[in-house]
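*Asks:* One-letter residues, chain by chain:
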Amino acid sequence: MAFRAVISRRVTNRSSDIGARWMSTWWGNVEPAAKDPILGVTEAFLADPSPSKVNVGVGAYRDDNGKPVVLECVREAERRIAGHSNMEYLPMGGSVKMVEETLKLAYGENSEFIKDKRIAAVQSLSGTGACRLFADFQKRFRPDSQIYIPVPTWANHHNIWRDAQVPQRTFHYYHPETRGLDFASLMDDIKNAPNGSFFLLHACAHNPTGVDPTEEQWGEMSYQFKAKGHFAFFDMAYQGFASGDPERDAKSIRIFLEDGHLIGIAQSYAKNMGLYGQRVGCLSVLCEDEKQAVSVKSQLQQLARPMYSNPPLHGALIVSTILGDPELKNLWLKEVKIGMFCYSGLTPEQVDRLTSEFHIYLTRNGRISMAGVTTGNVGYLANAINKVSKSA
Amino acid sequence: MRQQVTSLEAHGFESPTTESAFSSTISSSSSASDRRLKALARHFVDSSPVMDSHSQNPNDTVSPSPTSSAFHADSVFAHLVRAPEDPILGVTVAYNKDPSPIKLNLGVGAYRTEEGKPLVLNVVRQAEQQLVNDRSRVKEYLPIVGLAEYNKLSAKLILGADRCISPLFYCLITHCMEYQDVRFKSPAIQENRVTTVQCLSGTGSLRVGGEFLARHYHQLTIYIPLPTWGNHPKIFTLAGLSVKTYRYYDPATRGLDFQGLLEDLSSAPSGAIVLLHACAHNPTGVDPTIQQWEQIRQLMRSKALLPFFDSAYQGFASGSLDADAQPVRMFVADGGECLVAQSYAKNMGLYGERVGALSIVCKSADVASRVESQLKLVIRPMYSSPPIHGASIVATILKDRNLYTEWTIELKAMADRIISMRQQLFDALRARGTPGDWSHIIKQIGMFTFTGLNSEQVAFMTREYHIYMTSDGRISMAGLSSRTVPHLADAIHAAVTSFA
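Order-wise, the sequence lines are chains A and B.
Residue 312 in the UniProt record's numbering sits at position 312 of the first sequence, with consecutive numbering throughout.
Residue 409 in the UniProt record's numbering sits at position 409 of the second sequence, with consecutive numbering throughout.
The shape of chain B in the complex, shown without the other chains:
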C-alpha cells in the first residue's frame, strides 16, 4: 500500500526528528492521535501494516504525526510588519514606560484635575448609582440606532434653541427656559427632520457618517482642515471617501488663515463635503469668530457644500453649552442639511465608555426616516448595536433638571481651570523671557494649545524634561496643573533657546 504512504506524507505526516519531542507530544496528544487514526482508518478499504518504523502504535494502520506547530510552516499572515504606534495614543504608551518622577503627559486630550488625576464628574457618579440601584434595568441589546431617549436628548443638546433671533430676545428666552425641557426647540427637531443615532463617541459617529455618505451621497470628496485631528484622514479614507484639505492654520500668526480657508472652499467642487470643527479646533485651538462663521456658512450654502460638524468639546471651549453650539445652530437655522458628530468623552468625562451620536439634519421628515433606515445598514455589520452603559448615564443626566444644572456647573469649572492654565503658562514664559510671542496660548480655545514648537524641540523636551506631547507641538492644557506649569515653562524655554 505504498500509495497510501505517499499520500500520507503529502498530507504532512512526518517522522519525528527528535525522540524527546515525539514522546512528549505523543503522551499529551494520544487522544488526538487516536481520534485522527479512527477518522483516517475509515477512509481505507483494508488495513495495512505500519509503514513508519517510528510508530509507537503497531496495531494502527497509519502512523501518527506529532502534534506540533511544525505542521503549519507559514502563517497566512507571516508577511505582516508591525504597524507604527498611533501618534497620539502612542504618546501615552511612551509616557507609561518612562520611570522619571517628573514626567508630564500632555498627549491625549483627557482632563486632569489640579492634582493630576482623572476626573469622574459628580453627576456621572450619581447617575451610575441610580442605574446600579435600579434592579429593573437590564442589559438587553439596544436597538441598532441606540437608546431612543438618549438620541432625542443629544439632538436637543447640540441643536437646541434656534439662533435666528435678536440677542436680546435670546437672553430673555434662555433665562426663562427650563434646562432641556425647552418648548422653544429647534424647528428642525420639531419638524422631525433630524435623525440621530447613538455611536461610539466621536470616532464612531464620524465613521458611520462617512460610510453613509460614501454609499449614498453624490460627491465622495471630503475636505478637512489643515491641520486636523490625526485620526480624521484615516476615518474618512476607510469609510470610502477621498480626502482633501483646506487651509486653516496660519503658522505665521498662529491664528486662522481665513483668506486661505475661503479660497480653498470656493474652489472645492460643488457638493463636496466639508469637515468643520464646531468649536475648540483640535489641534490648534483656533476657532473662527461668529462673523467669520457666518461668511463660511454663506459661502458653503452658495456652493452647496455639505457641512459635517465634529463637535467633541461642546461646553468645554467657552464653558457654555449654547455658546459652543452656535456654529452648528447657524447652519441648521438656515434650513439646510448637515451632519453633526457629537462626543461626550470630554464634556461628561465618559472617555472610555465611548458615548457619542451622529445627527443628520434633512429637508423633510420622510427623508430623515429613510436616512435612518440606511444608517442602520451601516451599523449592523460593524458592531450590531452600540454599548448601553455610557448612553444610559448621559440620558439620566440630561433628562433630570438638577443633574443637568449640576453638570453645567462642573463643566464650566473644567473649562475655567483650563483657561487658568493657559494664563499661568503664558505668564511663566513671559517671566522667563522666553523668546517669541506666546500670546496664542491665551488666544487659543479649548483643551489644546498649538505651541508652534517643531518636532526637534518636542523630542528635546521629551528627552531632557520627560514632557510627553505629540510631535506637532500640540499640548493638552488639561494635563497641566499649577504645580507642573513651571516645569513645562522651563522645558519650552530650554527647547526654544537650544533650537532656534
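Next up, chain A with everything else stripped away, as it sits in the complex:
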C-alpha cells in the first residue's frame, strides 16, 4: 500500500543519514566456510531435482521405502508424555532417571560400578555433546594430554577435540588393502604412544568403516592399555544398532571394565532409538570411588552450564519412559535393527562421478550408509558403483 511504501522509504533515507562510521560491516573478512562433509551431502541431495537420486550419506535409518523411521516404542512413549508433564528445567546434569537407565545399557544391568556409585554421569547433547563435554573436561583437568584418534574416524571427532583445544594424534585403524583392521599397526601405535595417553575408541560399528576388532583383539588392546597406563574413551553411537543385541555391542566396553580400566563413555540414542533430532545422550566417567564421582560430575556440570545451562527435556523423557517400562523396553529391543556403514574404497573422484552422473549422494571418503540402501535402489546403486569403478 502507498503509505507503507512511503514509510519504508522514509526509514531507508533516515538510516543512511546517520553517521558513516558503522556503515562498513565488521564481517568483511569472514570467509565462507566449507560445507560440512557429511551434513552437506544431505543438503546437496535435497537440492537435486532428479527422480532417481539416492542418499547413502548420513547415518540415519530408512525403511524399505526410503522413509525415515520412527520406532513404535517412541511413538507410544510420546503419546504417554504429551500433556502429562511440565517443562521445568532439568538439573544441569540432566534427567537422573534417563542417566541411570543409560548407564545400565553401557555398564550392565547389575553393574557393581553403578551400585557403588562410582560413575560420574551427565545427560548430554547426543554423542557429539558427550564427546565435546569430555574433550573440554580433558582440556581443563589434564591440560598436557592429547587425544589419539583412529584413522579414519567420524569427521566431526577432529572438530570436537580441536575446538576443545586438545592436541590430536592419530593411530592406525583401517587397512585399505584388506578392507579390514590394521591390527599390527594399531598395537604398535598403542605401544609407541607415551604412557598415559588418551585414546578415542569406537565401541562398536566403527564409523565410517564398519570394521570392529574381535573380542580377542579388544582383549589384547586392553592388556596393552594397562601396560601403558592409557585412558580409554569409548564413543558408543550404535549400541544395539550394530548387531541387534545391545549387550553384545557393549562387549568391548565390558572387556575394558573387567580388566580394571577407569574409562569414559559417550552414548547416543540418535540411531538406536531414532531420536536423532532430540539430541539425547550421556557422558560417563568411571571413577575410583563415589566421592571422586561426585567431584567429577560437579565439574562436568560446570562445563555444561556456560554452554547450554541444562540439557533438553523431551528426548530424555522419551528414553526414560521406554527404558523404565518393561513392556516398552522389550518393544524397543525388538525394533532395534542393524544399520551398517560400508567403506567402499571408492576414490573421491569416483564418488564425485556417482553424484554428478548418477545422483547418488555419499561422503567423499566413499562411506556408504547401508541404511540408505533399499530393495528399490540397490540395483541402481550397484550398477552405478560398477560403472565408476571400472573406469577408475
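Please note that a few of the clues may not be correct.
Unchecked claim - Stretch by stretch, here's where chain B covers chain A in the computed footprint (C-beta under 8 Å, at least three residues):
1. 151–162
2. 279–293
3. 306–312
As the list claims (entries may be wrong) - Here are a few chain A residues that sit away from chain B, every Cβ distance over 10 Å (derived from the structure):
4. P51
5. E100
6. K115
7. N192
8. S243
9. G244
10. G324
11. N330
12. D352
13. R353
14. E357
15. T374
16. L381
17. K387
Bear in mind the hints are in silico, worked out from the structure with no lab data behind them.
Think of the CB as a built atom: it goes at the ideal place given N, C-alpha and C, for glycine as much as any other residue.
Using the hints, position chain B against chain A.
*Replies:* Same frame as chain A, now just chain B:
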C-alpha cells in the same frame, strides 16, 4: 624364564592378597582371565611353568591377575576437587532438600501460578497435541542451523516492524497488521541481512555468538553490566572473550546509574562488544527509558561499539511483545549491525526444552550468508544440531494466527500476575512499617526484584523463614502468590530489623 615373570610383574600382575578376594574374582572373571591368557600366551615363544604358586590354573603359562580396580591405582582425574554449586541453580537444590512445609523458592526465574505450580501454556499443549497426532512428523536431525521456519519466525518476532515511524502511524499499522504475517517487515529481514540460527535457549545463543565473535571479530573484549545474570561472565570467558564490566545499577537509588553507564561505555575501546539486556534486566529489573536507550544507541554507534542483546523476557516485561522489543529494534532501524540472543524459556514456558535463537544483523545479504556458514562451524563440534521438539512447538504457535493471539493473551496474564505480586509485596511491607524505601519493588520490571537485601539478611531469611533466593538479594516474583506474600513480607521485615 625369569625375564618373563619380571615383565609380568612390571605390568601389574600381582599375587592376590586375600584368599576370598581372589576366589570371588576368579570365579566371576574366569572368561576374562582365559581370554587374557590366550592373548598373552601368543606373545611367548615357548610355554613356561607356572611361576606364581597362587595360580589356580597350573596348565596355563602365566598366572592370572584378579580383576579388581586395584590395578588402576590412580584415576587420571584424582586431583579434582568438587565444584561449588551453581549459585542460582544451587538455590533450588537447597530448597528441595528442605522439609519445611512453609518453604518458598524465589530462586530460579521460572514462572509459577497463584497455586505455586509450574505452568504449561494452553497454546503449548495444543501445539504438542498437533505434533503428536501428526504421524508424518519424524525425528530426523535438524540442519545445523536448526528449524528453518522457526528461525524466520523468531527473527520476525524480535525484529518485527521497524520503529522509525511516528507513534500515530505505528499505532494505526499495528492495528491493521495481521499477527505475524506482516507485510510491514523489518528492512533488515526484507533485505536478507539477518542470519538466524536455532540455539539452546538463551545460554546456547550467547555461547555460540560469543565463540563466533572470538574467532572472527577484531575486538575480543565484551562489556557486561554490573550486576548481570551470574552465568554471563562464564559463558563469554569460555567462549574466548575477555570480560569487562560497565556500571549499571545504583544501590543508592536502586535504579539505573545512567551517568556511570555512559562514562564507562565512552571509555571503552572502539569496537568493543557490549552486552545489553533487551528488557527486564536480570537481576535488577531496572531498565533504561526509551530516551535513555536512544542516548545509549547514539553513543555506541559513535564509538562503533558492537551491541549484543540478551532478550530473555520479550513480552514478559510489559506484557507487550512489541514494546519489549523496542530497544533492539531501535538499533536495527539505524542500519547498523548487532547480535541478538533470544529465549523462549520464560515467555513460552518452554524452560526445559532449551529453545532459543541467535540472530546476527549484518550490512548485506552476502555477509549474512558467510556469517551463517561460520556459525555452523561453531555449532557442529559443540552438539551438531539443536533439539527439534521445542522449536517445533514454537513454530507451530507463531505461524498460526489463532494460537499466536492466544499466546499473547496468556503471556499478558503472566506478566500481569507478576505486576500484581509486586504491588502486593510493596503494600505488605508498607503495612508492616518495614524500614526503608520499598518503591523499587513496583518500579522494577520483569520477573525479578533486586531487593537490596545483603547476604547476611538473605541467609537469615533462609535459616529462619525457609525463603530460598540468591545471595545477591534477587527474588523471583514469579515464585510468589497472594498466599505467600505475607510470609515473605514477614521475613523481609524480620531480616531488615535484625540486621540493619
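*Asks:* If a hint holds in the structure, say so; if it does not, say that too.
*Replies:* Evaluated hints:
A count of 4 residues in the stretch 151–162 of chain A with a Cβ less than 8 Å from any Cβ of chain B is obtained; the coverage claim is therefore met, three being the minimum. Against chain B, the stretch 279–293 of chain A contributes 5 residues with a C-beta closer than 8 Å to a partner C-beta. That satisfies the three-residue criterion, and the hint holds. Interface restraint, the stretch 306–312 of chain A with chain B: holds (7 residues with C-beta to C-beta distance below 8 Å; minimum three). Against the 10 Å criterion, P51 of chain A stays outside the reach of chain B, whose nearest CB is about 21 Å from its own CB.
For E100 of chain A, the non-interface assignment is confirmed: its Cβ lies about 18 Å from the closest Cβ of chain B, beyond the 10 Å cut-off. Residue-level check passed: K115 of chain A sits 13 Å from the nearest beta carbon of chain B, beyond 10 Å. At the 10 Å boundary, the C-beta of N192 of chain A stays outside the reach of chain B, the nearest C-beta of that chain being 17 Å off. With 10 Å as the threshold on Cβ separation, the claim that S243 of chain A sits away from chain B holds: the shortest Cβ distance comes to roughly 19 Å.
Consistency note on G244 of chain A: stated as away from chain B, and its beta-carbon is indeed over 10 Å from all of that chain's, at 21 Å minimum. With 10 Å as the threshold on Cβ separation, the claim that G324 of chain A sits away from chain B holds: the shortest Cβ distance comes to roughly 18 Å. Even its closest Cβ contact with chain B, about 21 Å, leaves N330 of chain A beyond 10 Å, as expected for a residue assigned away from the interface. No Cβ of chain B approaches the Cβ of D352 of chain A within 10 Å, the least distance being about 21 Å, so the stated non-interface status holds.
The Cβ of R353 of chain A lies farther than 10 Å from every Cβ of chain B, with a closest approach of about 26 Å, so its non-interface assignment holds. No Cβ of chain B approaches the Cβ of E357 of chain A within 10 Å, the least distance being about 27 Å, so the stated non-interface status holds. Even its closest Cβ contact with chain B, about 17 Å, leaves T374 of chain A beyond 10 Å, as expected for a residue assigned away from the interface. Every CB of chain B lies more than 10 Å from the CB of L381 of chain A, the least distance being 21 Å, so the non-interface label holds.
Look at K387 of chain A: its CB is around 30 Å from the nearest CB on chain B, clear of 10 Å, so calling it non-interface holds up.
In this structure, none of the earlier numbered hints is contradicted; all agree with it.
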